[in-house]
Amino acid sequence: MQTVRKRPRSNHLDLAQRILEAVRRGGFRSGDRLPEQQIATLCSVSRTPVRAALQLLADQGVVHREKTSGFTLAVDPSGATGAVSELPPAEESRLAESILRDRAARRLDDTVTASALSRRYQTDKRTVLKSLKILEAENWIEKAPGQSWLFQAAQDGPEAAAESYDFRLMLEPAALTAPGFKADEAQATALRLGMEALLASPESGFDVREFQRLDMAFHAMIAQGAANRFVGQSLEDHLRLRRLPGMLHGVNVFRLKQSTREHLAILDQIEAGQFEAAADLMRLHLRLSRSQRPQAASRGAPVLPATAQAIRGRR
Amino acid sequence: MARAAPTIALFPEASFGAALNCVGIAQMLRDRGARPVFICHPGFTGLFADYGFAEHHLPAAGGSKADTWQDFVRRHLPHFNLSPAEQLDTYVAPTWQAIVDTAIDAEEGLGDLLARLKPDAVVLDNVIMFPALANSGIPWVRVVSCAETELPDPDVPPYLSGLAADDPSRASFEAHYLQAVAPAHQRFNRFRTECGLPSLPAGEFLEPSPWLNLLLTPAIVKRERANPLDPEKFVYLEGCVRSEGPFDPPEFPSGEGPLVYLGFGSLGASDVDLIERMLSVFATFPARFVVNVGGFREAYRAVPDNVYLDGWFPQPSVVAQCDLFIHHGGNNSFCEALHFGVPSLIMPYCWDGHDNAQRAVEAGVGLRLDRSSWKPGQLVSTMKSLLDDDAMRQRLRANAARMAQTPGTARAADCVLALLSR
Chain L
0 MQTVRKRPRS NHLDLAQRIL EAVRRGGFRS GDRLPEQQIA TLCSVSRTPV
50 RAALQLLADQ GVVHREKTSG FTLAVDPSGA TGAVSELPPA EESRLAESIL
100 RDRAARRLDD TVTASALSRR YQTDKRTVLK SLKILEAENW IEKAPGQSWL
150 FQAAQDGPEA AAESYDFRLM LEPAALTAPG FKADEAQATA LRLGMEALLA
200 SPESGFDVRE FQRLDMAFHA MIAQGAANRF VGQSLEDHLR LRRLPGMLHG
250 VNVFRLKQST REHLAILDQI EAGQFEAAAD LMRLHLRLSR SQRPQAASRG
300 APVLPATAQA IRGRR
Chain S
0 MARAAPTIAL FPEASFGAAL NCVGIAQMLR DRGARPVFIC HPGFTGLFAD
50 YGFAEHHLPA AGGSKADTWQ DFVRRHLPHF NLSPAEQLDT YVAPTWQAIV
100 DTAIDAEEGL GDLLARLKPD AVVLDNVIMF PALANSGIPW VRVVSCAETE
150 LPDPDVPPYL SGLAADDPSR ASFEAHYLQA VAPAHQRFNR FRTECGLPSL
200 PAGEFLEPSP WLNLLLTPAI VKRERANPLD PEKFVYLEGC VRSEGPFDPP
250 EFPSGEGPLV YLGFGSLGAS DVDLIERMLS VFATFPARFV VNVGGFREAY
300 RAVPDNVYLD GWFPQPSVVA QCDLFIHHGG NNSFCEALHF GVPSLIMPYC
350 WDGHDNAQRA VEAGVGLRLD RSSWKPGQLV STMKSLLDDD AMRQRLRANA
400 ARMAQTPGTA RAADCVLALL SR
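Residue numbers (numbering that gives the first Met the number 0), protein chains in the order written: chain L, 0 to 314; chain S, 0 to 421.
Treat the hints as calculated values from the structure; they're not laboratory data.
Treat the hints with care, as some may be off.
To be verified - The following label-pair restraints were derived from C-beta to C-beta distances:
id, chain 1, residue 1, chain 2, residue 2, range
1, S, Arg276, L, Leu287, 49 to 55 Å
2, L, Pro144, S, Gln96, 52 to 58 Å
3, L, Arg282, S, Gly195, 46 to 52 Å
As the list claims (entries may be wrong) - Away from chain L, derived, C-beta distances all over 10 Å, residues of chain S:
id, residue
4, Ala13
5, Thr94
6, Ala174
7, Leu205
8, Pro285
9, Arg370
As the list claims (entries may be wrong) - Heads up, incomplete: computed chain L residues facing chain S, CB under 7 Å, no partners named:
id, residue
10, Arg106
11, Asn251
12, Gln294
13, Ala300
14, Leu303
Heads up, the beta-carbon is just placed ideally off N, CA and C, and yes, glycines get one too.
Kindly generate the complete structure, drawing on both the sequences and the hints.
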């Protein structure tokens, strides 16, 4: 598969900081493997600069490099700031994360300006613009005419979430069945181990963030393995939208465990080269994951189905 | 040959309160080796499956549900600002008519479903009898998941009144109630007669089960009755709180201090104007607020920095972590607050929310605020007094520890399974 990438960042120092931010957001822990392809996807860059940036982090003692298994995280990423004091401050990365968080929480409107963000976050406009560039590179936002920036449609409503599942139902099976699909074997193995460990954990101690990390990585691996570059790229761009905070609220542990077992069954078929069967299981997985919980139900009132238009913006 | 696991059919009404209450019982039945299955409204597709339970749907009634729901909200939203007595004609009577419709619509499909499923027992969490169930001969359990006012008694306030037991207006409310619900009641009794069931006394739509009746009411708010309930057939559960997924409190851009959860139920969430007015007060209050806005998340803009909105939360897991729970007096919400030892600020809008608000004040486990006439200063002072009331908090925590010793879900499951061995 050829990789179609936008605006790869050439500054390895900056990328190293972004990798740290990404692994922190992704819930990685000390000792976790850092597959280059997965890190590249998380940071929306190709593998080449990732390798250089990981080497830089290895020089700082933040990651280990093993000859056979690649890079592993050597420290707790939330406490890694001190360990990488020689890296440039990631103020713009932190601000980008705050902007995303506040957008997901409906504190920010569809369109924003750098001036307004500068006032809101009490920071200089230059840092704000750098943050917006980071978000632009990750396809969260785009420059609109004039001084405005426009957020991409988010999956923050039942209708948007349903449309997202429809989109994935079209493309994820297609990614698996287009001739030439190839999953990253090392990543598949790491995912399997992670999922099996998650399934072995008791329900009371189930780590939802770890589920989310594995789920994101599993579906990203499908997109990256697609032989059809346009299917793969469209999926990767779309799947990134699921990273917004709060995307997993309302899903109970029973379903998350069931979903993990479905991931493993799909992996079995991929590893056996049975891509049609993997695609069938993927369809089933996505249909079951698509929540049909009603939006409203009360005594004596009709039920409001999951994807019906509620009364919105009526004032 | 080993005996097959008993099949227990849980049949909740089409509301989240009853549905999730039954999920809690079903989780415990499953833990004890039984096979819980759900009989439900088709609009609940997937809800029970997501907790790992088989679903069997009743046939849907005709019509566009989405439009009907919108009509329902538009028609009734203004009624939620009325007094309990004023709601009798505007909200309670039409709601009883709708409930009677559900029983009539379900009759044929339910009979077929029960014949096919052949459950060992049925757990009915509803406010109305389904003749197909009564005539099936299958042992059935009534779950009283509303406030205990649902079971009338001279020493218990009238159902849906929000009154104290000795309120002087009691008699007039009771007379008004019977007059308002009479058309629905008469229609239901005619239907029962057609189905071969005896008529029920005025104002009653569901008889006690001859096998077993389960009341959610925790001891701390339980009322003394003039005519005590037979303890062999009426079991108090001390709440009935399901096991939910974990809740990770969100990161707030600003705001520290206590965590306050606001949840008015999925119907209560339709009052966007009320919640927006509350958000503007929350923005000035030194606390972090988690707010359940149901299907209306997209109606909100410029959400304050100390507020986090979502359309659904694993509510028991949120309540477990919060310092104050603002709710509508729905019985599940009230029981969850008591289960986790959290004070309640109740702003009721209908049904037994009024009764629970009254009882919360009487029992010293919360306060009531009128949902339409409150002023910002009142909301602030009420939240502050509940957050600062150490005596109430200690009392609630001690009670929560007592409730934890006998979880209602486990007691319900044990009672249902014991019924099978009689």
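Right, here's what the structure says about each hint:
At roughly 40 Å, the beta-carbon separation of Arg276 (chain S) and Leu287 (chain L) lies outside the given 49 to 55 Å, and the hint is violated. The given range of 52 to 58 Å is respected by Pro144 (chain L) and Gln96 (chain S), whose C-beta atoms sit roughly 55 Å from each other. The hinted range of 46 to 52 Å is satisfied by Arg282 (chain L) and Gly195 (chain S), whose Cβ atoms lie roughly 48 Å apart. For Ala13 (chain S), the shortest C-beta to C-beta distance to chain L comes to about 5 Å, within the 10 Å cut-off, and the non-interface label is violated.
Not every CB of chain L is more than 10 Å from the CB of Thr94 (chain S) (nearest about 4 Å), against its label as outside the interface. For Ala174 (chain S), the requirement that its beta carbon stay farther than 10 Å from each beta carbon of chain L is met, with the minimum near 22 Å. With a minimum CB-CB distance of about 13 Å to chain L, Leu205 (chain S) clears the 10 Å threshold, and the non-interface call stands. For Pro285 (chain S), the condition that its CB be more than 10 Å from all CB atoms of chain L holds, with the nearest at approximately 18 Å.
In this structure Arg370 (chain S) is separated from chain L by more than 10 Å, as the shortest Cβ-Cβ distance comes to about 16 Å. With a least beta-carbon distance of about 5 Å to chain S, the hint placing Arg106 (chain L) at the interface is held under the 7 Å criterion. Taken as an interface hint, Asn251 (chain L) checks out: its beta carbon lies about 4 Å from the nearest beta carbon of chain S, inside 7 Å. A least Cβ separation of about 3 Å between Gln294 (chain L) and chain S falls short of the 7 Å threshold, and the interface hint therefore holds.
With its C-beta approaching chain S no nearer than about 5 Å, Ala300 (chain L) sits inside the 7 Å limit, and its interface hint holds. Using the Cβ-Cβ criterion of 7 Å, the hint placing Leu303 (chain L) at the interface with chain S is satisfied: the shortest such distance is roughly 4 Å.
Violated hints, listed in ascending order, are 1, 4, 5; each of the other numbered hints is respected by the structure.
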